[in-house]
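Asker: In case you want the letters, here they are:
Protein chains: 2
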Amino acid sequence: MDIHDLTRQLQQDNGSKILMLVADGLGGLPQQPGGLTEVETANTPNLDELARKGINGGSIPVKPGISPGSGPGHLGLFGYDPVKYLIGRGALEATGIGFELTANDVAVRCNFCTLDADGNITDRRAQRISSEESTPLTAKLRDVSIAGVEVFVEPVKEHRFVVVFRGDGLGGNISDTDPQETGVPPLDPIAIDEPSQRTAHAAVEFLAQAGEILAGEAKANGLTLRGFAPKPVLPSYEEVYGLRAAAVAVYPMYKGLARLVGMQIVGEAQTLEEQAAVVEQYWDDFDFFFVHYKYTDSTGEDGNFDAKVQKTEHFDRVIPEFTKLNPTVTIVTGDHSTPSFLSSHSWHPVPTVIVAPACRTDACQKFGEQESLLGGLGMFEAKHLMSLALANAGRLAKYGA
Amino acid sequence: MDIHDLTRQLQQDNGSKILMLVADGLGGLPQQPGGLTEVETANTPNLDELARKGINGGSIPVKPGISPGSGPGHLGLFGYDPVKYLIGRGALEATGIGFELTANDVAVRCNFCTLDADGNITDRRAQRISSEESTPLTAKLRDVSIAGVEVFVEPVKEHRFVVVFRGDGLGGNISDTDPQETGVPPLDPIAIDEPSQRTAHAAVEFLAQAGEILAGEAKANGLTLRGFAPKPVLPSYEEVYGLRAAAVAVYPMYKGLARLVGMQIVGEAQTLEEQAAVVEQYWDDFDFFFVHYKYTDSTGEDGNFDAKVQKTEHFDRVIPEFTKLNPTVTIVTGDHSTPSFLSSHSWHPVPTVIVAPACRTDACQKFGEQESLLGGLGMFEAKHLMSLALANAGRLAKYGA
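Here the protein sequences line up with chains A and B, keeping their order. Throughout, our numbering is defined as the position within the first sequence, counted from one, plus 1. Throughout, our numbering is defined as the position within the second sequence, counted from one, plus 1.
Accuracy of the hints is not assured; some may be wrong.
It does not matter which identical chain is used: a pair holds within one copy or between any two.
What the hints assert, rightly or not - Keeping only pairs whose Cα atoms sit at most 20 Å apart, straight-line, the calculated PhoX-like set for lysine-lysine is:
1) K54 / K325
2) K64 / K295
3) K158 / K85
4) K399 / K85
5) K64 / K85
Derived from the structure by calculation, the hints contain no laboratory data.
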């Protein structure tokens with residue numbers, strides 16, 4: 002039994018509003034032992050006020066020790082067990098560029114590569130061809146035509162692009178063609194189950210036609226296919242929580258992840274200030290708002306401690322633009338930590354606060370990693386956050402008599 | 002899906018070293034309310050230094066309230082869900098005396114007992130016959146001969162011994178013959194499934210021949226069989242973690258448990274100081290070292306608070322002999338608590354510290370039960386410790402994109 006089996010039967014609508022502010026990669030580490038993290042270094046009066054008014058703790062993104070990508074990180078926050086619900090690589094890549102997958106699609110991550118005269122790979126990334134060079138090539142590949150299967154080709158960045166096969170009954174269980182080494186030719190795409198035979202045939206046909214189209218190219222005269230994946234099947238927010246949910250994100254990846262759980266993408270905001278304005282604009286139309294802020298993650302990924310501090314302070318400054326709307330429940334969290342010290346996503350629990358009338362405030366006086374250890378939420382797996390949000394919103398009935 | 006499904010796919014080798022120091026039964030209780038535990042009473046400058054440098058918390062051996070034996074206690078620390086992976090009683094008893102089980106074995110815990118002239122049990126433990134008297138009897142029982150089945154008989158202690166049946170296709174699902182009362186005869190061993198029929202026949206034959214061999218004995222003229230169990234099937238450290246693992250233990254039980262998960266037993270150390278020398282000797286040959294220290298448990302079992310304090314101080318004194326090797330990750334923990342106050346294993350969380358460059362240090366200044374409540378690990382189930390160790394060692398790739 003999973004969490005949704007409970008929320009499905011207990012959900013009730015009382016008109017309350019839940020606001021979830023996600024600062025990507027929010028948690029961090031000190032640069033040296035005994036120092037402060039990025040969040041602790043930042044001047045964050047508004048987050049500190051939420052910490053004083055709310056209940057605090059550390060969100061474990063997946064399980065202790067597991068560092069998630071954006072997919073499992075957000076699924077956890079959305080209340081979907083990220084170990085149970087997998088988003089295939091191809092589907093995530095398509096989601097990341099804003100391609101809206103349908104139930105008839107199989108998405109594939111593709112690399113341009115360089116082949117020698119014998120057809121052996123000499124560079125698995127086509128000499129890291131620039132986006133300026135590769136984007137016209139993906140456009141040319143749209144000339145591929147396969148009977149009974151619609152094909153979409155979309156650029157991602159540099160040597161990376163996405164192919165989506167659309168048709169009835171296409172399975173997604175097909176082996177990668179990237180041999181993961183040079184000096185050998187790409188592998189054939191092989192169907193691993195019966196329903197994937199048609200998809201494998203389409204892939205073979207795609208590769209044949211694409212090979213002719215690319216034959217004269219100096220760098221990108223070949224390609225490999227990896228991570229074949231259908232659209233993941235996730236129950237919707239409406240169904241599992243009874244929430245009309247809106248997502249206010251800037252980057253396609255997060256819009257895409259929100260769309261997978263049935264959130265409606267609203268507005269075209271490009272800054273956090275504009276995101277706040279969008280939330281205000283749509284305030285009466287939804288019960289739940291997911292707001293995504295990217296830059297605490299990207300600065301952490303860059304290993305730029307000071308920049309992450311500044312982005313955290315920016316995030317903090319805009320918070321009153323959201324809280325002035327008086328949501329019943331306000332949550333601030335992150336999908337994972339991205340310590341500048343590691344320049345990567347990490348497993349460390351993410352400081353998290355829930356503010357609501359019945360949240361049972363704790364002793365925390367500031368928002369941050371150390372202080373959150375005094376918090377009433379303790380260390381909890383992210384997948385439990387939505388149940389806590391619903392409870393604090395008065396949206397969960399008693400379980401059992 | 003369990004933890005190993007994640008570690009199997011995410012494991013990566015970066016040459017780092019993980020050292021796990023297990024003080025058996027480490028956690029304790031104060032002798033009176035408001036007092037200090039054994040660990041808190043002990044002078045432990047080296048553990049305190051680790052607590053200051055590391056991240057601390059309390060390891061729940063199995064689930065809250067569950068007091069484990071050595072088997073589940075260690076399986077949890079090794080990252081094997083102790084509720085999922087069971088080691089049958091017979092297999093654990095054989096493991097405990099250093100008997101190396103094979104896939105063709107069924108091990109049984111045996112008791113000598115005393116029978117009256119009618120064959121009814123008058124003493125289920127053969128008047129607690131001494132090991133000096135019982136060991137020659139187990140030697141005599143090696144004369145039993147069963148067609149197609151090899152039989153091993155090994156003394157344990159006093160009235161207890163182990164029988165191992167070895168042969169092709171022997172099932173391990175056979176009822177106990179100990180009726181758990183006196184005044185009645187031993188029960189027959191009954192096969193509970195088809196593959197156990199052969200084993201049950203071997204057991205019947207063993208009991209018949211053993212009965213004749215023991216017929217003239219005053220105390221031990223009978224025996225009972227309990228806890229029939231095959232060798233447990235556990236995936237190896239190599240497979241689930243990609244770790245070449247070594248175990249440095251003094252007692253057969255802990256060597257046996259380590260062997261069950263594929264660790265290699267190295268050295269013949271008899272003291273903790275010698276164990277440190279063995280770890281140093283094999284430092285380059287393994288990625289992971291499990292070091293077991295017994296005496297914090299045995300003194301706790303004896304209810305000897307002062308002796309447990311002393312053994313804790315001994316454990317502390319030798320720690321620099323291990324940490325001087327500069328492991329990437331150092332862990333100090335215990336398989337369960339053994340409070341002198343209870344003279345037994347207990348369910349209480351075990352103070353635990355992980356020291357590593359990216360561990361995210363907390364406010365703990367000392368190593369111990371109360372202080373660990375300030376720690377960043379919180380209260381966690383022991384089975385998550387290995388994922389945290391691997392993450393801190395940089396040995397887990399990102400989960401999902």
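Asker: Looking back at the numbered hints, which does the structure fail to meet, lowest number first?
Answerer: As far as the earlier hints go, 2, 3 are violated by this structure, in ascending order.
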